[in-house]
Each structure stands twice: as C-alpha cells, then as structure tokens.
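From first to last, the protein sequence lines are chains A and B.
Position one of the first sequence corresponds to residue 1 (the working numbering), numbered consecutively onward.
Position one of the second sequence corresponds to residue 1 (the working numbering), numbered consecutively onward.
Errors might be hidden in some of the hints.
No copy is singled out in the list; a pair is fine if it fits within one copy or between any two copies.
To be verified - Here are the simulated SDA-like pairs of lysine to any residue, each with C-alpha atoms no more than 25 Å apart in a straight line:
{"#": "1", "residue 1": "K427", "residue 2": "E330"}
{"#": "2", "residue 1": "K427", "residue 2": "A342"}
{"#": "3", "residue 1": "K427", "residue 2": "G337"}
{"#": "4", "residue 1": "K427", "residue 2": "R98"}
{"#": "5", "residue 1": "K427", "residue 2": "S97"}
{"#": "6", "residue 1": "K427", "residue 2": "R328"}
{"#": "7", "residue 1": "K427", "residue 2": "A358"}
{"#": "8", "residue 1": "K427", "residue 2": "G329"}
{"#": "9", "residue 1": "K427", "residue 2": "L11"}
{"#": "10", "residue 1": "K427", "residue 2": "F336"}
{"#": "11", "residue 1": "K427", "residue 2": "S341"}
{"#": "12", "residue 1": "K427", "residue 2": "I327"}
{"#": "13", "residue 1": "K427", "residue 2": "E437"}
{"#": "14", "residue 1": "K427", "residue 2": "D343"}
{"#": "15", "residue 1": "K427", "residue 2": "P13"}
By construction, these hints were calculated from the structure, which means they are not laboratory data.
Number of protein chains: 2
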Amino acid sequence: MRSSLQQPARLVPLAFVAAITVGTVLLLLPIARTGPGGTDLITALFTATSAVCVTGLIIVDTSSYWTPFGQAVILALIQVGGFGIMTGSTLLGVLISRRLGLRTRIIAQAETRTLDLGDVTAVLRIILIATLLVELAVWGALAARLHWGYAEAWPIAIWHGLFHSISAFNNAGFSTYADSLMRFSDDWLVLGSIMVAVIIGGIGFPVLVDLRRTFRRPGRWSLHTKITLLGTAALIGVGTITVLGYESAAGGLFDPLTISERLLDALFHSVMTRTAGFNSIDIGALQTETLMLTNILMFIGGGSAGTAGGIKVSTALVLILAVWAQIRGEADTTAFGRRVSADILRQALTLIVLAMIAISLGTLHLLSVTTFSLEQVLFETISAFATVGLSTGITADLPPSAELTLVTLMFLGRVGTITVATGLALKRSQRPYRFPEERPIVG
Amino acid sequence: MRSSLQQPARLVPLAFVAAITVGTVLLLLPIARTGPGGTDLITALFTATSAVCVTGLIIVDTSSYWTPFGQAVILALIQVGGFGIMTGSTLLGVLISRRLGLRTRIIAQAETRTLDLGDVTAVLRIILIATLLVELAVWGALAARLHWGYAEAWPIAIWHGLFHSISAFNNAGFSTYADSLMRFSDDWLVLGSIMVAVIIGGIGFPVLVDLRRTFRRPGRWSLHTKITLLGTAALIGVGTITVLGYESAAGGLFDPLTISERLLDALFHSVMTRTAGFNSIDIGALQTETLMLTNILMFIGGGSAGTAGGIKVSTALVLILAVWAQIRGEADTTAFGRRVSADILRQALTLIVLAMIAISLGTLHLLSVTTFSLEQVLFETISAFATVGLSTGITADLPPSAELTLVTLMFLGRVGTITVATGLALKRSQRPYRFPEERPIVG
Ligand SMILES: [K+]
Ligand SMILES: [K+]
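All chains, please: the whole structure from these sequences, using the hints.
Structure below.
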C-alpha cells in the first residue's frame with residue numbers, strides 16, 4: 001500500500017523538474033532574449049526556476065532583457081507552476097486524509113477510501129474556475145486603470161494587466177516594469193487589485209472551498225480555515241502596523257510620504273511579504289528592523305495548498321497554539337473549541353526545523369562566497385526558500401555558485417516543503433513495543 | 001499545595017535581585033573604582049548584573065577600571081551567582097520531581113514526597129564540595145603556570161589564578177587581563193585548565209551526581225546524563241571543526257597560526273561559546289560564518305542546573321530527537337532505549353520560542369538605538385541572554401537604553417529560563433472534558 005501512495009508524492013517534484021527543464025530550454029532560445037544570441041545556461045535556469053516556483057527573484061530585468069516571447073514563456077511558466085502547486089498539494093492533502101482514514105473535508109461528497117479519477121477531475125475543475133475568475137477580474141481592472149489612469153495604449157495596458165494579474169494570483173511577483181510596482185506606490189486601485197488577487201491565490205484551496213460551501217456559517221468552518229484566516233489577518237495587521245512604525249520615524253522610508261501613501265505602502269508590503277513579492281517601495285532602503293520583521297513574515301508565508309510559499313500560516317499557528325497551551329498548563333493544544341492532534345505539532349515542528357536548516361546552510365554558503373552583509377544575505381535566502389522574490393538588490397551581483405544555491409532553495413521551498421509534509425504525514429513505522437519513559441531536565 | 005510550591009520558584013529571582021542590588025551598591029563605592037569618585041549607576045548595575053548572572057559582558061575594563069576591592073566584589077558576586085544558580089535550579093528540579101511524583105534521581109536516598117531540610121543541606125554540601133575541589137585544583141594549576149611560565153610574582157599569580165579559576169568554574173568569563181585570555185592563545189596548560197573548570201561547572205549538577213554514583217556503569221546513567229554528555233561532546237566537536245574550517249581559510253583569523261595553535265584556539269572557542277565566554281582570539285575579527293555558528297552554540301548553551309546558560313543542551317536535544325523521530329515516522333521520541341515523555345517536548349519547545357522572542361525583541365531594540373550591524377547586535381543579544389559574555393566589541397559603545405536592555409536579557413536568560421522551566425513543568429490546569437480533535441493542514 002505504501003508504494004502506491006508514495007507514487008503521487010514523487011510525481012510533484014518530477015513534474016516541477018520537467019517544467020523547469022522545458023522553461024530553461026525555451027528561455028535559452030535566441031528569440032527569448034532582446035540582446036544578440038541566446039542567454040547563458042545559469043540565467044535561463046535561474047529565471048525558469050524562479051518562474052515555475054513562482055518566486056520572482058530575478059538576475060536580469062524582465063522587461064528589457066527578455067523579448068515578448070521570453071516574457072510569454074515566463075508568464076506560462078508562472079501559470080503552470082502556480083496551478084501545479086495548487087493542484088499538487090491539494091491532491092496530496094486529499095491523499096493524506098484518505099490514507100489516515102479521515103473524513104475528507106475538501107471534497108466532502110466522495111467518501112470512498114481511494115483517490116479516484118472523479119476526485120482529481122473535480123479538484124482540477126474547481127481550481128481552474130477559481131483561477132480564471134480571479135485572474136479575469138483583476139486583469140480587467142488593471143488594464144482599465146492602466147489605460148485610463150496612466151495613458152497606456154490598449155494593447156500595452158492589456159498585456160501589462162494580464163501579466164500582473166497572473167503574476168499576482170500565482171503569488172509570483174514577476175513584473176514587466178523594471179521597478180516592480182514602485183511607480184504605483186500611491187495608487188489604491190492598482191495595488192488594491194493586486195492585493196486581492198494575491199490574498200485569494202495565497203490563502204489556499206482548502207480554505208476557498210470551505211468558504212464557498214459555508215460562507216455564511218463561520219461556525220461550520222474547519223479548524224484549518226479558521227486558523228488560516230485568523231493567522232492571515234493577524235499577520236497582515238501586525239506587519240502593516242510595524243512597517244508603519246519603523247518607516248514613519250525620522251529617517252525612515254515613509255518620512256516624506258502622505259498618510260494615505262504610508263498606509264497603502266505599509267499594507268501592501270505586509271501582504272506582499274507573504275509571499276507574492278511585488279514591491280511598491282525600495283526594499284534595499286528599508287530599515288534593518290523592517291527587514292528583520294519582513295524575514296519573519298516571509299518565513300511564515302501564506303495558506304496551505306495555495307500559490308503561496310513559506311512554512312505556511314497554519315504550521316506557524318499550530319506551533320504558537322502549542323506554546324500557548326503549555327504556558328497555560330493545558331495538556332491539549334486547543335483552538336476554537338477543537339483539539340489539535342498531537343502528531344500535527346510534531347509535523348509542524350519538523351517542517352520548521354528542516355526549513356531553518358535549509359536557510360541556514362544557504363546563508364552560510366552565500367556568506368562564504370560573497371562580501372554582502374548578514375542582513376542582505378539572510379533576506380535573500382529566506383526570500384528564495386519562501387518563494388517570495390523580494391530582494392535588497394543583491395541577486396544580480398551574486399556569483400554563479402550562489403545563484404545555484406538560490407535555485408536549490410527555491411525548489412526546496414516550493415516542492416520540498418509539501419513533499420516533506422506529505423511524507424511526514426504518511427510515514428508510520430510501528431514498533432512492537434514501547435520503551436520505558438524518562439524525563440530529561442529541560443531548561 | 002500549588003502556593004507552597006511556587007514559593008521556592010519565586011525565591012530564586014528574588015535572591016538574584018537582592019544579590020545584584022548589593023553588588024551595585026558595593027561597586028558604587030569610591031573605593032571600588034580606580035578613578036576619582038564613585039562610578040555611575042548604569043556601569044555599577046551593568047557590571048553587578050553581568051557578574052551575578054555570570055555573563056561576563058563588560059562596559060569597562062575589569063583590570064584597570066576597578067580597584068582590587070572592586071575586583072574582589074566582582075569575584076564574590078560571580079561565586080554567589082554561580083553557586084546560587086546551581087543550587088537554585090537543582091532544588092527546583094528536585095521540587096518538580098516531587099510534585100510530579102517521580103523517583104528523584106538526584107538524591108536517591110530520600111524518597112519522601114516533600115522537600116525537607118535534609119535534602120537542601122545535602123544538595124548544598126555536594127555542590128559546595130564540588131565547587132571547592134575544582135576551583136582549588138584549577139587555582140593551583142593556573143597560579144603555578146603563571147608564576148613559572150610567565151614570571152608573575154607569587155601574589156600576582158595567586159590572585160590571577162584564583163580569579164580565573166572561580167570565573168571559569170562559574171562560567172562567568174570575567175578576566176583580570178584586559179585582552180581576556182588572548183595572551184595565552186598558544187598555551188595548552190592555561191587554556192586546558194580553564195576548559196576543564198568550565199566544562200565541569202557547566203555540565204550541570206545532576207550529571208555530576210549521576211557520574212559520581214555510576215561512573216563505571218554508563219548503562220545506569222539517566223537519560224538526562226546520556227543526552228547531555230552526548231550533546232556536549234557533539235557540540236564541542238562540531239564547533240571545533242567548523243571554526244577550524246572557516247578560520248583556517250585564506251584571510252581567516254587562523255591563517256598565520258601553527259597547527260597546534262589552530263587546534264587549541266578552535267577547541268577553546270568551541271568550549272567557551274557554551275557559555276563561559278573567555279576568548280583566546282579576537283571575536284570582532286572572526287568571519288561572519290564563524291559568528292553565526294557561535295550564535296547557535298551560544299543559544300544552546302551548557303548543561304541544566306549548572307553554571308552554564310543558554311536554553312541548555314538537553315532542551316536542544318529533546319527537540320532534535322523529536323524531529324528525528326518524526327522523520328523516521330515513529331510515534332515516540334526515543335533515545336538510548338528510553339522514551340522521552342511527550343510533555344517534555346512541548347516544554348522544550350515553549351522555552352525555545354520564548355527565548356527566541358526575548359532575543360528578537362532585544363535585537364530590534366538595539367538595532368533601533370544604535371547604528372551597529374545585524375551581525376554585531378544579534379551576537380551581543382544572544383551572548384547576553386545565554387549569559388556567555390563574548391562580544392564583537394560593541395558593549396562599551398552602547399547607549400544607556402541598550403545597556404539596560406542587555407541587563408534585562410542577562411537577568412531573563414539566567415533566572416527567567418529556570419523559573420519559566422519550573423513553571424511550565426509544575427503548572428497543570430485540568431479541563432473536565434476534551435474538545436473533539438481536528439487536523440489542520442501543515443506545510
Ligand atoms: K513570489
Ligand atoms: K559567561
């Protein structure tokens with residue numbers, strides 16, 4: 001039974017490797033690049049990985065380095081990558097539920113124990129519809145705003161609108177503007193549309209389905225939906241307020257801005273850190289304190305089984321709930337009148353520790369092959385692993401070995417986390433006996 | 001019953017506050033300072049806290065700023081602080097065992113359920129004897145070496161020997177030499193004696209008692225002893241090898257040194273990071289990679305219920321064992337044929353998360369009131385919280401508010417951790433019912 005279940009868990013990494021390979025080959029073609037001849041292998045590989053893993057880190061400017069063909073390839077890779085991670089992780093989640101004999105909340109009508117073709121089709125159809133609906137709406141809003149508000153000709157506005165709508169819903173953070181979205185830093189309409197797409201795409205499929213089914217009855221939401229929504233709201237709020245505080249101080253980036261601009265840019269930055277990666281402000285000019293806070297938000301990331309990266313909001317919240325329960329002296333970790341299964345805590349912990357190890361090793365490597373500061377390097381590796389794509393501006397200046405490290409981190413962060421999470425949930429080895437208990441001293 | 005148990009847990013912080021207060025007052029006296037008049041309040045408070053919490057961070061040079069009287073006060077505070085934390089945490093540990101109805105491994109002969117005066121006396125006596133034995137032996141070795149090897153007159157050699165022997169056993173890291181132990185960077189005898197004192201003092205009383213009783217029968221060691229010894233050996237080994245690697249590279253600090261010096265200084269640095277805090281090399285000149293590794297070693301610290309700080313070796317190992325068990329798919333966290341109690345994991349996790357929060361807040365504050373880099377500031381706050389005392393050299397240049405933050409971190413790291421650990425172990429609130437279980441998605 002085990003082998004048949006591990007098959008799909010292996011399928012996701014293989015599919016991503018295939019997509020990255022195809023993308024690399026396409027970007028190597030001379031027609032993808034504006035300059036003479038084809039690009040080099042590292043640039044093509046890095047860009048394809050960044051697109052498929054919906055990260056958005058770039059070593060060459062998307063708008064000037066790549067031709068419309070190259071940009072279309074990147075856009076296609078983003079759509080494939082985003083759709084792939086959303087369907088892949090959702091189906092693996094269904095699989096875990098089946099294997100553990102749990103009632104599958106995701107597709108409640110199907111109660112059989114095997115993942116049949118009907119389920120797969122249903123999941124694909126719902127995700128496809130949600131993707132198209134959101135992307136079309138945001139595309140329309142952006143194109144209209146760019147045409148009427150910024151005097152872009154219709155074909156240009158439509159192309160930019162399409163690119164950013166897809167890039168936003170898939171939390172990719174790629175932009176056809178050289179300065180990302182900094183030119184829109186006071187435009188509530190543009191940044192607002194982007195934020196809506198980012199949040200819906202990044203909140204995760206299980207939450208979307210749950211909301212669609214029981215939108216008016218919050219009492220019937222699953223625990224996962226509740227803690228994801230609560231965590232998302234809390235993180236956006238805390239992020240906004242802290243960025244406002246640190247950057248509004250004398251010498252901060254918001255010093256010359258109006259109140260409305262400060263609010264918009266703080267909110268936008270807070271939402272984008274988890275994990276869309278567009279920026280309306282210059283990341284390299286932020287206070288070190290803001291960068292540290294951004295690091296934490298990036299590490300946590302968005303919702304499970306969506307287009308967002310990071311360790312996921314629910315993973316972080318399970319850990320926080322456990323600590324809170326321990327402080328209150330309660331034996332069970334509880335939230336919203338539900339008890340969080342004890343093995344879920346250990347899964348969350350394991351995922352977080354593995355993520356920290358990956359980021360630490362990446363940081364050590366970047367430190368040893370560059371002269372950049374710890375601030376810059378740590379920000380870059382967390383951004384890569386959590387597939388955020390924000391940068392203090394050092395990406396293009398990294399040596400090839402550091403770029404390969406980032407490629408590895410992006411892949412591990414995107415595909416590794418859900419593969420490991422699936423593996424952790426499924427793997428059970430039974431001992432025929434239990435060892436006697438002992439209590440080592442803690443602290 | 002609860003209140004009578006919380007009394008001793010409150011006694012430890014109160015005793016430390018009292019010792020720091022007395023120390024501050026004594027250091028404020030004009031006879032404590034070589035310069036004219038008494039010192040200022042911040043300097044006295046900082047130095048007294050650093051001494052009582054056996055941290056070793058200094059904002060004025062111990063050898064030139066303080067008179068022999070001032071140095072004697074510091075030495076007395078170190079001895080009181082080290083003895084206090086060792087007896088305090090040991091007695092709190094005994095208390096937890098009693099409360100939870102566990103067989104007390106520490107003082108096996110007493111099997112009654114209340115902590116009677118006999119136990120306290122026994123613990124105090126054993127700790128006193130161990131302290132005196134080690135300190136006397138190291139004192140003798142150091143004084144002899146300083147007299148015959150470095151031509152120090154007997155009174156000077158005896159004073160320096162006494163100061164460093166007490167400072168080492170109590171993991172304090174204070175030195176009467178302005179450059180800490182950098183002048184002995186090639187002296188296996190001096191650094192070796194210091195290391196022995198540091199390791200014995202920092203391994204923790206429970207391990208010492210266990211070893212004394214069953215030294216030749218490792219099979220009868222407690223799980224705590226086994227994982228503390230294993231963890232200590234592993235951390236010393238990993239630390240030594242990594243420091244050797246990073247600093248032996250071209251441009252590293254060890255570049256001009258002989259093999260013997262490299263080995264000695266790497267080993268010494270690895271041992272001192274957890275958490276004695278003497279240095280035989282210039283910390284400010286270390287590679288950023290070495291500083292990051294040092295951060296991790298400092299955070300982990302030494303053994304429980306000894307003079308060492310940090311979250312403790314056993315705490316870190318419980319977490320690592322849990323992650324390892326999860327990766328193997330085992331339901332129980334096991335080691336050496338024993339099962340680690342499940343609530344111990346949540347206690348360890350809580351302690352680590354609280355430590356990270358304290359360090360993060362301290363780091364954010366120091367970043368916002370100084371212009372030092374994240375490397376420097378993070379190193380300083382971890383060093384303070386884990387009561388290590390190593391510094392990249394910024395301590396003396398911090399503004400008063402930052403110094404007060406370090407004072408707070410030293411106190412929290414020293415007294416807060418064991419108080420919280422005791423609280424976590426003792427607090428049990430019982431619900432009359434359990435909530436239904438749910439499994440939020442992780443990753
Ligand atoms: K992204
Ligand atoms: K120390």
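query: Should K427 paired with S341 be assigned to within, between, both, or neither, using CA atoms and 25 Å as the limit?
result: Answer is both: 16 Å inside a copy and 21 Å across each meet the 25 Å cutoff.
- request: With 25 Å as the alpha-carbon cut-off, assign the pair K427 and A358 to within, between, both or neither.
  value: Cα proximity of K427 and A358: one copy only (22 Å, versus 35 Å across).
query: When no copy is named, should K427 and R328 be tagged within, between, both, or neither for a Cα gap of at most 25 Å?
result: between (31 Å within a copy, 7 Å between copies)
Copy assignment of K427 with G337, given that the CA separation must stay at most 25 Å: between (28 Å within a copy, 21 Å between copies)
- request: Give the relationship of K427 and G329 under a CA distance limit of 25 Å: within one copy only, between copies only, both, or neither.
  value: Answer is between; shortest inter-copy Cα gap is 5 Å, intra-copy 30 Å.
query: Between copies, within a copy, both or neither: which fits K427 and D343 at Cα up to 25 Å?
result: both (12 Å within a copy, 22 Å between copies)
Alpha-carbon proximity between K427 and F336, which holds within one copy, between copies, both or neither at 25 Å: between (28 Å within a copy, 22 Å between copies)
- request: At 25 Å max between alpha carbons, let me know whether K427 reaches A342 within a copy, between copies, both or neither.
  value: Answer is both: 15 Å inside a copy and 19 Å across each meet the 25 Å cutoff.
- request: Give the relationship of K427 and S97 under a CA distance limit of 25 Å: within one copy only, between copies only, both, or neither.
  value: within (13 Å within a copy, 35 Å between copies)
task: Please work out whether the CA atoms of K427 and I327 approach to 25 Å or closer within one copy, between two copies, in both situations, or in neither?
output: between (30 Å within a copy, 8 Å between copies)
- request: Using 25 Å as the alpha carbon limit, work out where K427 and L11 are close: within a copy, between copies, both or neither.
  value: within (17 Å within a copy, 47 Å between copies)
- prompt: For the identical chains here, do K427 and E330 meet the 25 Å Cα criterion within one copy, between copies, both, or neither?
  reply: between (28 Å within a copy, 8 Å between copies)
In terms of the numbered hints stated before, the structure departs from none.
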